[in-house]
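The letter at position 45 of the sequence shown is residue 30 when you use this note's numbering, and the numbering goes up by one with no holes.
Hints may contain errors.
Listed next, with one range per pair, are the computed distances between beta-carbon atoms [claimed, not checked]:
id, residue 1, residue 2, range
1, Glu88, Ala109, 26 to 34 Å
2, Ala106, Val86, 46 to 54 Å
3, Gly3, Asn143, 51 to 59 Å
4, Thr28, Glu88, 19 to 27 Å
5, Asp134, Val90, 37 to 45 Å
6, Arg29, Met132, 30 to 38 Å
7, Arg97, Asp147, 15 to 23 Å
8, Arg97, Gly148, 28 to 36 Å
9, Arg49, Arg29, 15 to 23 Å
10, Arg29, Glu68, 34 to 42 Å
11, Gly3, Val108, 43 to 51 Å
No lab work stands behind these hints, which were simulated from the structure alone. Please read these numbers as outputs of a predicted model, since none were measured by experiment. Positions of the beta carbon are idealized from the N, C-alpha and C atoms, including for glycine.
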Amino acid sequence: MAGDRPEGGEVPLLYSEGNVAARVALEREVRGWSTTELAERVTRAGVKMNQTAVWRIENATPRRRINLDEALAFSRVFELPLEELMSPPLEGLDIASRRLVQEAVEAFYETRDARDRLHHAVVAIADHIKAHPDSSRAIHEQRLRLMGDERDALTLSNDIEDGGHY
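Taking the hints into account, I'd like the entire structure generated from these sequences.
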């Protein structure tokens, strides 16, 4: 019905090129990147782009079109699923809030990756000690030297004895 349409007669699209352009600008700002930095990152992701193209996507009238390769590159660069990149920005979430959430998400993934690295290293040390039992004391002393704190070194030793960090 005519009354269901917003002023101007256009039906809002859940996924649209305009949403992608708005999200590109928002995601770039949240990360504190310049248009030049974003263009360089997109180029490194495999799609040649310059600063002017980013500016025209975000600001020009009429807006510069975004092709599928570019949308996929933006998705990779921002580490967002394409569907999320195409979705409208969330209402009520300002730049400061988005930055805080972005920082928490990045810290989460960095921590998860670090836990995985620690687990694999602990398992490798445990396997090494099983194969070379005489090295156990020297390995403990090296941990203590590198860590400088007996409690931390003991915690790591317990992880090794338990066969993993998890």
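- Message: Within 26 to 34 Å: is that where the Cβ-Cβ distance between Glu88 and Ala109 falls?
- Response: At 31 Å between Cβs, range holds.
- Is 46 to 54 Å right for how far apart the beta carbons of Ala106 and Val86 are? violated (30 Å)
- Query: Measuring from beta carbon to beta carbon, are Arg97 and Gly148 in 28 to 36 Å?
  - Reply: Since Arg97 and Gly148 have Cβ atoms about 20 Å apart, the given range 28 to 36 Å is violated.
- Query: Does the Cβ pair Arg29, Met132 satisfy 30 to 38 Å?
  - Reply: Since the Cβ atoms of Arg29 and Met132 sit about 36 Å apart, the hinted range of 30 to 38 Å holds.
- Task: Kindly confirm whether 43 to 51 Å is satisfied by the beta carbon distance between Gly3 and Val108.
- Result: Given a distance of about 49 Å, which is inside 43 to 51 Å, the answer is holds.
- Query: Does the Cβ distance between Asp134 and Val90 fall inside 37 to 45 Å?
  - Reply: The hint (37 to 45 Å, Cβ to Cβ) is violated, given that Asp134 and Val90 are roughly 30 Å apart.
- Query: Do the Cβ positions of Arg29 and Glu68 conform to the proposed distance bound of 34 to 42 Å?
  - Reply: For Glu68 against Arg29, whose Cβ atoms are near 23 Å apart, the range 34 to 42 Å is violated.
- Query: So the hint says 19 to 27 Å: do the beta-carbon atoms of Thr28 and Glu88 match that?
  - Reply: holds (26 Å)
- Task: May I ask you to test the hint 15 to 23 Å on the CB atoms belonging to Arg97 and Asp147?
- Result: With a Cβ separation near 20 Å, Arg97 and Asp147 satisfy 15 to 23 Å, so the hint holds.
- Task: Kindly confirm whether 15 to 23 Å is satisfied by the beta carbon distance between Arg49 and Arg29.
- Result: Once the Cβ atoms are compared, 20 Å apart, the range 15 to 23 Å for Arg29 and Arg49 holds.
- Task: Can you let me know if the beta-carbon spacing of Gly3 and Asn143 is within 51 to 59 Å?
- Result: holds (55 Å)
Taken one by one, the earlier hints fail for this structure at numbers 2, 5, 8, 10, listed in ascending order.
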